[in-house]
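Q: Each chain is listed here by its residues.
Number of protein chains: 2
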Amino acid sequence: MTNKVNIAVDAMGGENAPRKIIEGINISLQSSQKNFFYIYGQQDILEKEIAKSKLVQQNCEIINTKDVIVDDESPLAAAKRGKESSMWKAIESQKENKSDISLSAGNTGALLVISRLILNSINGINKPALAGLWPNNNNMNVVLDLGANIECDEKNLLDFACMGAALFKSLFNNNGYPRIALLNVGLEEHKGKDVLKKTYSVLKKNKLKNFEFSGYIEGNQIMEGNVDVIITDGFTGNIALKTAEGTANFITKNLKKSLSKLSILLSYNALKQFKEKLDPRKYNGAIFLGLQSPVVKSHGSTDAIGFAHSIETCHKIVRANLIEKIKSHLITVDA
Amino acid sequence: MTNKVNIAVDAMGGENAPRKIIEGINISLQSSQKNFFYIYGQQDILEKEIAKSKLVQQNCEIINTKDVIVDDESPLAAAKRGKESSMWKAIESQKENKSDISLSAGNTGALLVISRLILNSINGINKPALAGLWPNNNNMNVVLDLGANIECDEKNLLDFACMGAALFKSLFNNNGYPRIALLNVGLEEHKGKDVLKKTYSVLKKNKLKNFEFSGYIEGNQIMEGNVDVIITDGFTGNIALKTAEGTANFITKNLKKSLSKLSILLSYNALKQFKEKLDPRKYNGAIFLGLQSPVVKSHGSTDAIGFAHSIETCHKIVRANLIEKIKSHLITVDA
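Respectively, the protein sequence lines represent chains R and A.
Count the first sequence with numbering that gives the first Met the number 0 and you get residues 0 to 334, in order.
Count the second sequence with numbering that gives the first Met the number 0 and you get residues 0 to 334, in order.
Hints may contain errors.
Since the list gives no way to pick one copy over another, a pair counts as held whenever it fits inside one copy or between any two copies.
Stated by the list, open to error - Keeping only pairs whose Cα atoms sit at most 27 Å apart, straight-line, the calculated BS3-like set for lysine-lysine is: (1) K256 x K271; (2) K190 x K126; (3) K94 x K51; (4) K79 x K196; (5) K97 x K326; (6) K47 x K252; (7) K190 x K79; (8) K274 x K260; (9) K281 x K271; (10) K255 x K274; (11) K47 x K79; (12) K79 x K192; (13) K82 x K190; (14) K154 x K53; (15) K192 x K126; (16) K271 x K252; (17) K33 x K154; (18) K3 x K324; (19) K65 x K196; (20) K33 x K326; (21) K256 x K197.
Just so you know, these hints were derived from the structure itself, not from any lab.
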């Protein structure tokens, strides 16, 4: 077991939990048994689900928890009363070094607050951030913050740049210099908010050890694939992400209506490839960066396959020593 | 000529100007001769273009201008040195009551600065805003601000709500109560930035004469068609708009690659309908709202058909008495 990555799973959060969670673990184990799972939740229900798969039985330990954080609960209220919840206990297992990482498909706000309460921040990072993967013409890029911090100053944005670079390297096994860009409303140095101008000038001025600074990027360039990490505050990042989701849904729904059944059949393989390329389950798993131990949030509405993808993300992060990478990436800034 | 709408056109801005501009005017005149055009630009070039169309010759007057604002010029520099430019002179004609509205496909930043220098604000409005049309499942909605104001306070956002409602009514001949929403990162009242919470509480508390308040909306709901006017600051609005454009391009480009020629042929009519529905030329024309006389910005890269659409927008705005509507919509707020 020592060679395996130990993942603490909150089995009670998200749609169709815990069935989807256990099925996701099963899918992941079928492809490789490189992880061990500490599964937190209501024991009797979990045992029934786990009884279906020997593979899961052999690679997990159930920890009975008495309480559950529900999806529409306010984060602060959840944190206040949730000390016996599956989410809380899963994250606590990281503090106790029982697990290397934790994974939940539950209430995002509560997960962020509880993680911050239990786990210490990495020295030098004031605000942890939520990072996600975004498909582009070449592959994927990392975007952060996606909603953990509504207001950010230049120190926060610089930290995001370092953490994003470390995450990109960890996930894509990249030993080069990820290209970092700041999301803005124009490309010229004088454009945009003051906080962006300040961050721009620091990034431009400093010799960057671990990544390359590509300047500003506009919203329409996010998917062009010319940069690897896109930095923004949590308000803007959340609006951009959801606007992209809404636009993608709108277009694919309307296009589907426009294609005859026969023409869909005729392009079946190519359309399937396209659908696979854009399958949101592949990008499932937002990573909460900046704490001494990483926490991954699966989309609440994803299915078992999506959940299995977020398990893979957990594995990569631990194997790549993300936290150590972040520490070595932090820049001391000559402001 | 008295029954016509008088449109001042800056013929020298945007790609392929002035040819595209004159062709756009010609297309517009072919469908209806309800507008008269004061065309500002270099007389010799314009005369050559206009010589091609009797219709344009009969419905325009050329005003020779000596200078041109170029696309990559800084707005302030352009405003400082641009008093003899086609853009400046076109807007000045509004001040002189020679024209009802002006239209330019040139440098957006310069257009905003020059408009503000020449035209007075509507009493009670501190910051004019740039509004655009966004397609949705039902029809279109109005979104503002798309980039005129990077920072906005609650007074600005309330003004945007009133101006947006007046614009929606003007463009869609709507005499009801447009549904207004604030763009945010969550739907609950306590979510998001302080300025949004303050705006929310004012809109909720006040009896609104001219529109209905629908609360918050998230980025993925912009295209759902459940609201008519979406309010946001210029930074967020610009990022959202461009992210949507980038996403739409990414998906349609990849889908095109995935469809076989035969299957495109088989769905030809339906795909054509879809393409027409989403044709960005139809949404061409961002409206600068809040000045005593309206200014419309055509996309610089649109073609003659797109430019003709923005002429139609100009016509509707003047015929619907947009400025009077805005004045009557402004709310005195019990904060």
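Q: Reference check for the pair K255 and K274, CA-CA at most 27 Å: within, between, both, or neither?
A: Result: close both inside a copy and across copies, 12 Å intra and 13 Å inter.
Q: For K97 and K326, with the copy left unspecified, which applies at a CA distance of at most 27 Å: within, between, both, or neither?
A: within (22 Å within a copy, 65 Å between copies)
Q: How would you label the pair K82, K190 (within, between, both, or neither) given a Cα cut-off of 27 Å?
A: between (46 Å within a copy, 24 Å between copies)
Q: Reference check for the pair K281 and K271, CA-CA at most 27 Å: within, between, both, or neither?
A: Only inside one copy: K281 and K271 sit 14 Å apart there, 31 Å across copies, limit 27 Å.
Q: Regarding K192 and K126, is the shortest C-alpha distance of 27 Å or less found within a copy, between copies, in both, or in neither?
A: both (20 Å within a copy, 17 Å between copies)
Q: Reference check for the pair K47 and K252, CA-CA at most 27 Å: within, between, both, or neither?
A: The answer is neither: 38 Å in one copy and 47 Å across copies each exceed 27 Å.
Q: Between the shortest in-copy and the shortest cross-copy C-alpha distance, which are at most 27 Å for K190 and K79: within, between, both, or neither?
A: Between. Shortest inter-copy distance 19 Å satisfies the 27 Å Cα cut-off; intra-copy 42 Å does not.
Q: What label fits K65 with K196 when the C-alpha limit is 27 Å: within, between, both, or neither?
A: neither (49 Å within a copy, 36 Å between copies)
Q: Give the relationship of K94 and K51 under a CA distance limit of 27 Å: within one copy only, between copies only, both, or neither.
A: neither (31 Å within a copy, 78 Å between copies)
Q: When no copy is specified for K33 and K326, does a C-alpha distance of 27 Å or less occur within a copy, between copies, both, or neither?
A: The answer is within: 26 Å in one copy meets 27 Å, while 67 Å across copies does not.
Q: My question is about K256 and K197: at a cut-off of 27 Å on alpha-carbon distance, are they close within one copy, between copies, both, or neither?
A: neither (47 Å within a copy, 41 Å between copies)
Q: Between copies, within a copy, both or neither: which fits K47 and K79 at Cα up to 27 Å?
A: Answer is neither: 30 Å inside a copy and 75 Å across each miss the 27 Å cutoff.
This entry does not satisfy hints 3, 6, 11, 14, 17, 19 and 21, going by the numbered hints stated previously.
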